[in-house]
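Since the structure of chain G is already known, use the hints to place chain V on it.
What follows is the residue order along each chain.
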Amino acid sequence: AQSVTQLGSHVSVSEGALVLLRCNYSSSVPPYLFWYVQYPNQGLQLLLKYTSAATLVKGINGFEAEFKKSETSFHLTKPSAHMSDAAEYFCAPHGGYQKVTFGIGTKLQVIP
Amino acid sequence: GAGVSQSPSNKVTEKGKDVELRCDPISGHTALYWYRQSLGQGLEFLIYFQGNSAPDKSGLPSDRFSAERTGGSVSTLTIQRTQQEDSAVYLCASSLAPLRAGSQPQHFGDGTRLSIL
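Order-wise, the sequence lines are chains G and V.
In terms of this note's numbering, the first sequence opens at residue 308 and continues consecutively.
In terms of this note's numbering, the second sequence opens at residue 1291 and continues consecutively.
Bound-form chain V, shown alone:
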């Protein structure tokens, strides 16, 4: 597949458990982004990777959230000790060039729908 792939597509877990969400960007895309989409809240920026480094982690809501990217490709978003307010759709996007350059669009995966019981 040529698009951004996210797994799992759905995740239901109990409060307090840890979850790991995976994103496979489009091959050759150096920039990768994580967003959270909650009902009625729009898209909330979480973190941005350029290659394997994360120059902007300002959107991570708490220290329970972390993300890494290895090999300039796959990224994982980890949420520890999940809370009910973490329930949302987590979207990953990649682009050919950093957003600072401006002209390249973001390509989005279909998201992981996370439900915390």
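Isolated chain G, as found in the complex:
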């Protein structure tokens, strides 16, 4: 089954600093890759998705992710963190299988 590894269960950044959340996938065939965000006491929301149309994908709230096949990575970035970005972020592969194996999640803390 396809799976992903999210490095860092907790990441802290200062407000205005670069956000980098790491996701590596394991599969010989690039799947569709999604990033979801979960705010406290809410379900997950789609942030962005890679569907092979373009390797650099832009999502909501200023986030983007770049698919790098050579590194089997799909890291999530945002140039300047905002307090409202504090949430938990999940990377997930889709396609080819009937269930999604989510990463463990990365909790982002933004320090004022």
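It should be emphasised that the hints constitute simulated quantities derived from the structure, not laboratory data.
Be careful, since some hints might not be right.
What the hints assert, rightly or not - Here are some chain G residues pointing at chain V (derived, C-beta under 8 Å):
id	residue
1	F341
2	L351
3	K376
4	A393
5	F397
6	V407
7	F409
8	G412
9	T413
10	Q416
11	I418
Said to hold, decoys possible - Computed list of chain G residues with no C-beta within reach of chain V, every gap over 12 Å:
id	residue
12	Y343
13	K375
14	E395
Said to hold, decoys possible - Which stretches of chain V does chain G cover? Using the computed rule of at least three CB atoms under 8 Å from a CB of chain G, they are:
id	segment
15	1301-1307
16	1393-1400
Keep in mind it's a predicted model, so treat the numbers as computed, not measured.
The C-beta atom is built at its ideal place from N, Cα and C for all residues, glycine as well.
Relative to the frame of chain G, chain V by itself:
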């Protein structure tokens, strides 16, 4: 409302009681999923429905857990003889097409927070 709706939002019950959790997916979404989210454990897949059938029940943790979906719409997750380890947030998601197709995201409800005393 256009989103996935789950009820109740919170449930506190005594150990040994049965509980029933409800999920109303987005209209027209044929695929429906249940997940369990425990502190520090990430999202654990429980069961997947395509229409009213459940091709993948592999994630149900024990025979105390069951789920059904009727009319290709509402789904209920039932936990019998609840145990303290069942305490978690139970999330439901729906999507327009089966995950096998790949390109459709899952749309999540806000979950039911279950606490077993």
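Tested hints:
1. F341: Status holds, d = 6 Å.
2. L351: holds, 4 Å
3. K376: Check failed: Cβ of K376 (chain G) comes no nearer than 17 Å to chain V, outside 8 Å.
4. A393: Hint on A393 (chain G): violated, closest Cβ of chain V at ~18 Å, above 8 Å.
5. F397: holds, 7 Å
6. V407: Given a least distance of 6 Å, the restraint on V407 (chain G) holds.
7. F409: Because about 4 Å separates F409 (chain G) from the closest Cβ in chain V, which is inside the 8 Å limit, the hint holds.
8. G412: holds, 5 Å
9. T413: violated, 10 Å
10. Q416: Since the shortest Cβ distance to chain V is 16 Å, the answer is violated.
11. I418: violated, 22 Å
12. Y343: violated, 8 Å
13. K375: Its Cβ never comes within 12 Å of chain V, the nearest being 19 Å, so this holds.
14. E395: violated, 9 Å
15. 1301-1307: With 0 residues in contact (Cβ-Cβ under 8 Å with chain G), the coverage given for the segment 1301-1307 of chain V is violated.
16. 1393-1400: Holds: 8 residues of the segment 1393-1400 of chain V have a Cβ under 8 Å from chain G.
Hints 3, 4, 9, 10, 11, 12, 14 and 15, counting from the list given before, are not met by this structure.
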